[in-house]
Amino acid sequence: MVMIEEAAAGVHDAPTRHMNMIEAINDALDIMMGRDDDIVILGEDVGYFGGVFRATAGLQKKYGRNRVFDSPINECGIVGAAVGMAAYGLRPVPEIQFADYIYPGLDQLVSEAARMRYRSAGEFTAPITIRSPFGGGIFGGQTHSQSPEALFTHVAGLKTVIPCTPRDAKGLLIAAIEDNDPVIFFEPKRIYNGPFDGYYDKPSRTWKGHPGGDVPEGYYRIPLGKARIVREGAALTVLSYGTMIHVAEAVLAEKGIDAEIIDLRTLVPLDIEAVEKSVEKTGKCLVIHEATRTSGFGAELVALVQERCFYHLEAPVERVTGFDTPYPHSLEWAYFPGPVRIGEAVDRLMKD
Amino acid sequence: MGEGPIPESTRRGNLPPLELYVPEPRYRPGDVVDYSHLPVPPAGQLPRPDESCEAAETWPLTLDMIRVLDEDDRAVGAWNPGLDAETLRRMLRMMALTRAFDDRMYRGQRQGKTSFYMKSVGEEAISVAHAQALARDDMVFPTYRQQGILISRGYPLVEMINQIYSNRADTLKGRQLPVMYSARDYGFFSISGNLATQLPQAVGWGMASAIKGDTRVASAFVGEGSSAEGDFHAAMTFAAVYNAPVVLNLVNNQWAISSFSGFAGAERTTFAARATGYGIAGLRVDGNDALAVYAASRWAADRARANKGPTLIEHFTYRAEGHSTSDDPSAYRSAQEREEWPLGDPIMRLKKHLIALGEWSEEQQEAMDRELVDQVKVATKEAEKNGVLGHGLHHPFHTMFEDVFEELPWHLEEQAAQAIREREIKWPHWKEEGRSDGHD
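As you go down the protein sequences, you meet chains C and V in turn. Taken in order, the first sequence gives residues 1 to 352; the numbers are from the working numbering. Taken in order, the second sequence gives residues 1 to 440; the numbers are from the working numbering.
The reader is advised that the hints may include incorrect statements.
As the list claims (entries may be wrong) - Here are the simulated DMTMM-like cross-link-like pairs (lysine to aspartate or glutamate), alpha carbons at most 20 Å apart as the crow flies:
{"#": "1", "chain 1": "V", "residue 1": "LYS212", "chain 2": "V", "residue 2": "ASP302"}
{"#": "2", "chain 1": "C", "residue 1": "LYS62", "chain 2": "V", "residue 2": "GLU24"}
{"#": "3", "chain 1": "C", "residue 1": "LYS255", "chain 2": "V", "residue 2": "GLU422"}
{"#": "4", "chain 1": "V", "residue 1": "LYS426", "chain 2": "C", "residue 2": "GLU254"}
{"#": "5", "chain 1": "C", "residue 1": "LYS202", "chain 2": "V", "residue 2": "GLU366"}
{"#": "6", "chain 1": "V", "residue 1": "LYS431", "chain 2": "V", "residue 2": "GLU402"}
{"#": "7", "chain 1": "V", "residue 1": "LYS377", "chain 2": "V", "residue 2": "GLU359"}
Hint data in this document are derived by calculation from the structure and do not stem from the laboratory. Since we're looking at a predicted model, the values are computed, not measured.
Same shape as in the complex, but just chain C (with noise of 0.2 Å):
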């Protein structure tokens, strides 16, 4: 298989086409089942209705049952079954409903797929992709809101792959398709239709106009454990992932820093040098994410640049996340961790 990373020539010239995230899922799961017929896809309601959010649809048409199929409402079957047809030699992309409906699959995954190689000496792998969609923002409630990715970074032997744009979607799903490990590749849903930059009130927008919306035409890959600079900058490191980076965008612009947002893209493996380089450059360091505080990723982050940066920093790296609280239902704009919540933490750390 002919690897073409993003950087390399060609990708930044194909032509690119406008889609949404769902589209840009929908268009790489295509790409890749026809360039490998071992990728099979299965989960709830993902055949002929094509996935409750559709970004499997058409799939089950084009590439047969025994391909695209649905399954059980039984997440520990889903990935058990993901975990056996691995060993035979295929490489299943199932997806779980919704984030929030993982945890019956959890001994499957923590305990059997992450741990396969190191157990048989790899003799026997898991190269499976899990695809969910995560996140709150849409009166989803507590089981339709949740972001549990620290669950399974602390897990030794996961992959946790978190895209905030269609073109970083699509090329970092064909990798993690293509990575012969167990990946979780998290889904944000409340920007598959559009960038939300943490005003709730205003209007919603689309992908278009968005350059993250322009994706290329065809197999393009974004490595996985690369991060991408959003936007360069001086004042502040940002480091985020997900549905964050747009509100951060929005933030930071809004007050005029010149900050360093990077999309890690990638939490396991984690792209350290893209964070050393900029924390030592910036000298001040802002980590956001949405899911709960307390163990959340954003103590890693925090760990991480203390021990490796710490003689750069000129202030205490800040942390803004959601709170140690299901999520709830009405109260979910005061719960998400918007721009008042993260324009404080940036007040905090440049006040000198």
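Guided by the hints, dock chain V onto chain C, whose structure is given.
Just chain V now, with coordinates in the frame of chain C:
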């Protein structure tokens, strides 16, 4: 003496290749629906074993279908519960009220008064007749489609609507997705959005009741789709092992969002038949026949109460509408299915039975329907005085941090202070609804 490692090529050229079987429903959008393959046994034919029978004796009942109301709207056979007319009228009323309530709440969601709603159209007999068959203080562990139980038990409609609107009077403080009620004083367990989790919990409640020498039993619900979850099998195993006083209701409404019952195993055997493998009693019942549902539910509840153990009841029905307001069933199933459903509409069937008994009339039905529409309307207006979802900021922000634990640890107090500070910036004019001092 082993054979050694598998040789490189194990292909057996003379054998046919294996084939993956993936279920496919009979009808898709636009298809003409013909249910002649679906056996609808005549009413009144099945024997009714004693509630204290051996579980194995119910085996034939798990493969057939208990039906009481016949073609001529009469109640027939050993399973006829012999209910008096007043009870029948009450059940009819509660079923019609459930439907009127669903209709209004669905429209409310479409009008933007809340984020989400789930109807139970076509499944009213299951909730209402089951509730009628239980003792008032038996504990129910429902799914999100048993609003009929709450309504039957007299839970105030206004309280339901307050929850659906997440308004300031919502006793769940706006935390839960609409329809995820909790009503302990009405024997109605907190509903989870995660599927089938309530089944082992119901078994545990029943075990606790037995540990304490109580007389109350537990009753749990699950859809046929989510009976695929491991929780279902955990519940069945525990129920069998401890002979738990519990009724496990499996509502087979044919569809789990877009996945038909074949994705839960319906093409192989009935759902009720699973009971046999666990050694517990099983019944399969026409879920659109309120009398059959009542009779089966009563049998199972009496059995549990008599220390004779658990029962799995499969209620065979049809989800007449979408999964929820977020679903569009016209994208995956034929609209004709609902029209052609051979077991009819549960409300119509009970109504016709009462009319056949000379205990009811079309005029009374129409008058009742009008009255129920009014009742729901009045309740809706009353609830709307407490607000609709809107921006959602109806409850004091501190409530967001309460009940995570019994007492707030320091970090939640700090986060609560942060949320309130943000409120003062983001919503400077916010004040606690119903109060003038803006106290938080």
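Here is what the structure says about each hint:
Between the alpha carbons of V:LYS212 and V:ASP302 the distance comes to roughly 19 Å, so the proposed pair stays at or under 20 Å and holds. Between the alpha carbons of C:LYS62 and V:GLU24 the distance comes to roughly 16 Å, so the proposed pair stays at or under 20 Å and holds. Proximity of C:LYS255 to V:GLU422 is assessed by CA-CA distance (about 17 Å); at most 20 Å being required, the pair is judged to hold. About 15 Å separates the Cα atoms of V:LYS426 and C:GLU254, which keeps this hinted pair within 20 Å; it holds.
At roughly 46 Å between alpha-carbon atoms, C:LYS202 and V:GLU366 are farther apart than 20 Å, so this suggested pair is violated. Distance hint between V:LYS431 and V:GLU402 is fulfilled; the C-alpha atoms sit about 19 Å from each other, no more than 20 Å. Under the criterion of a C-alpha separation no larger than 20 Å, the hint pairing V:LYS377 with V:GLU359 is inconsistent with the structure, at around 28 Å.
Hints 5 and 7, counting from the list given before, are not met by this structure.
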